[in-house]
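A.B. asks: Take a look at the letters that make up each chain.
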Amino acid sequence: MAVQPILKYPHPLLKKMAHPVAAALDTAIHTLVQDLLDTMQAGPGSVGVAAPQIGVGLRVCVVDVSNSRHGKDNNHGLLCMVNPEIISRSGKAVMREGCMSVPDYTGDVERATEITVRFLDSQSGQEREVAASGFEAVAIQHEMDHLDGLLFLDRVISVSTGLFRRKSYR
Amino acid sequence: MPHRELSHYAVSVVGADRPGIVAGVTEALYKLGCNIADSSCAMLAGEFAMILIVSHKKPFTKALLIEELKPVCERMAMTLSVRHLPLGEEDRKETPGEICQITVYGADQTGIVYRVTSTLAAHQINIMDLQTKLAGTEQEPVYIMLLEAVLPDGCSPEAVEPLLDGLKQELQVEISVRIVTPVEL
Chain A
1 MAVQPILKYP HPLLKKMAHP VAAALDTAIH TLVQDLLDTM QAGPGSVGVA APQIGVGLRV
61 CVVDVSNSRH GKDNNHGLLC MVNPEIISRS GKAVMREGCM SVPDYTGDVE RATEITVRFL
121 DSQSGQEREV AASGFEAVAI QHEMDHLDGL LFLDRVISVS TGLFRRKSYR
Chain B
1 MPHRELSHYA VSVVGADRPG IVAGVTEALY KLGCNIADSS CAMLAGEFAM ILIVSHKKPF
61 TKALLIEELK PVCERMAMTL SVRHLPLGEE DRKETPGEIC QITVYGADQT GIVYRVTSTL
121 AAHQINIMDL QTKLAGTEQE PVYIMLLEAV LPDGCSPEAV EPLLDGLKQE LQVEISVRIV
181 TPVEL
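If you read the protein sequences in the order shown, they are chains A and B.
Numbering of the first sequence is given in our numbering, commencing with residue 1 and proceeding in unit increments.
Numbering of the second sequence is given in our numbering, commencing with residue 1 and proceeding in unit increments.
What the hints contain is simulated information worked out from the structure, not anything from laboratory work.
Errors might be hidden in some of the hints.
Here are the in silico distance ranges between beta carbons for each label pair [to be verified]:
id, chain 1, residue 1, chain 2, residue 2, range
1, B, Tyr-114, A, Gln-123, 35 to 43 Å
2, B, Gly-88, A, Leu-153, 27 to 35 Å
3, A, Gly-55, B, Ala-16, 47 to 55 Å
4, B, Leu-134, A, Ala-131, 42 to 50 Å
5, A, Ala-93, B, Arg-83, 38 to 46 Å
6, A, Glu-110, B, Ala-121, 26 to 34 Å
7, B, Arg-83, A, Gly-55, 24 to 32 Å
8, B, Ile-36, A, Gly-55, 29 to 37 Å
9, A, Ala-93, B, Leu-44, 50 to 58 Å
10, B, Pro-59, A, Glu-110, 43 to 51 Å
11, A, Ala-93, B, Ala-121, 24 to 32 Å
12, A, Gly-55, B, Gly-46, 45 to 53 Å
Even glycine gets a Cβ: it sits at the ideal position worked out from N, Cα and C.
The following block holds chain B by itself, in its conformation from the complex:
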């Protein structure tokens, strides 16, 4: 179905983890006739977080979507947020540049994510995926961050690691960069 015939919404649901969250939310979407165009769900600490892009044939309204999802979320004490996507935001743009996977880990300290990502942003390196975890022991906590980013035109993968060299020294963390641009077979 052409995109202009569909309404798209960003839906997020977060709450204490328990069995049945995905089933409850998707049952409501299914009964409404919504499609899940894209989604990512994960357990973060003790919370279960769902982020979904859902679509529905026009005419459809955000109010109707909220009306059906709200009781489900209230029953499970989960927060709900719904945003209507303007045309043009519903599709991922082509990412022609090289894709890098950047791994950062080291003794836990405030600002690891901010310092690394602001350096990347300053060079127009666009993050597509990012996950962090606090690991190690209580006495010696270790922070791990794994991200994937698209390089802008003219930026070679070999140039990325040197960009982060200063931070590596300053924060005393390990940073490695690996090219993960897909191969067409």
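Bound conformation, chain A alone:
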């Protein structure tokens, strides 16, 4: 139970697919979740941490946007997610994202505005489905990307090509 150092790109683990957690939640998983929570709470303004960011290649992440400016009025509190899966997504919105694993850089990323995520809740030990929207949905998608070895850099869209349309399309 401790704040863990956040791995920074180009650490290779950040670009690897994380492994699913076996069905039963053992002590090691509970310790991992506690580490993720401690690390998230220690990061200034952090609203989520994924296991690969602290050096563990497992599909576990925590998200809590309830104390953030963008998420305080629309959230499900603390989400401790094991083997999360997005089972539906809709809508699109662009937000400028930054990440503790990619310091000193931010980029515009397009993500779904409404998602339903299914996961094993490590707090209750039960499978759970959450319909998230707005900033909470963005945060969940960002943290879940870490489980697939994706950084926001893999999803950055260019503002200028978006605004200035081509004269011809092929």
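For this one, chain A is given, so just place chain B on it according to the hints.
C.D. replies: Same frame as chain A, now just chain B:
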């Protein structure tokens, strides 16, 4: 490497667009052992424009940099300008304020950029990025400006749009303001 051990230069190269400009300029920089610390390159009308902040371990001179870049630029008929950066100018200062993206568009007329940016400057709103394009048709040209700016302390994003309301009426252009302050995830 600590910044005091490096010399920094602002380099700009502009000329008629063609393949090989970036490769030609960066080959010369690479052979000199220069690093490109920051850069932005774009096609503006038929011109290709490169703006680079390059660094090199001391001792190094502006004369040496020009000596290597000049033949490359002359070969491609491009203008070259090089400026040595004094210590303290080589790094972007922290921008703690809210960041807004402001979009302005409307029937083309003289002074859109000046009128909007002077209003922003009068309120200490600092522009970080600005792009303009002339679009539409020859008969009905449309001017589009997209900029990003940092708000000073005490200026809320909601307060920016009203600042520009008068101009919107006077110039008959659309102006919208969107907050793009990054979210830390």
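A.B. asks: Which of the numbered hints are not met once you compare them with the structure shown?
C.D. replies: 1, 7, 9
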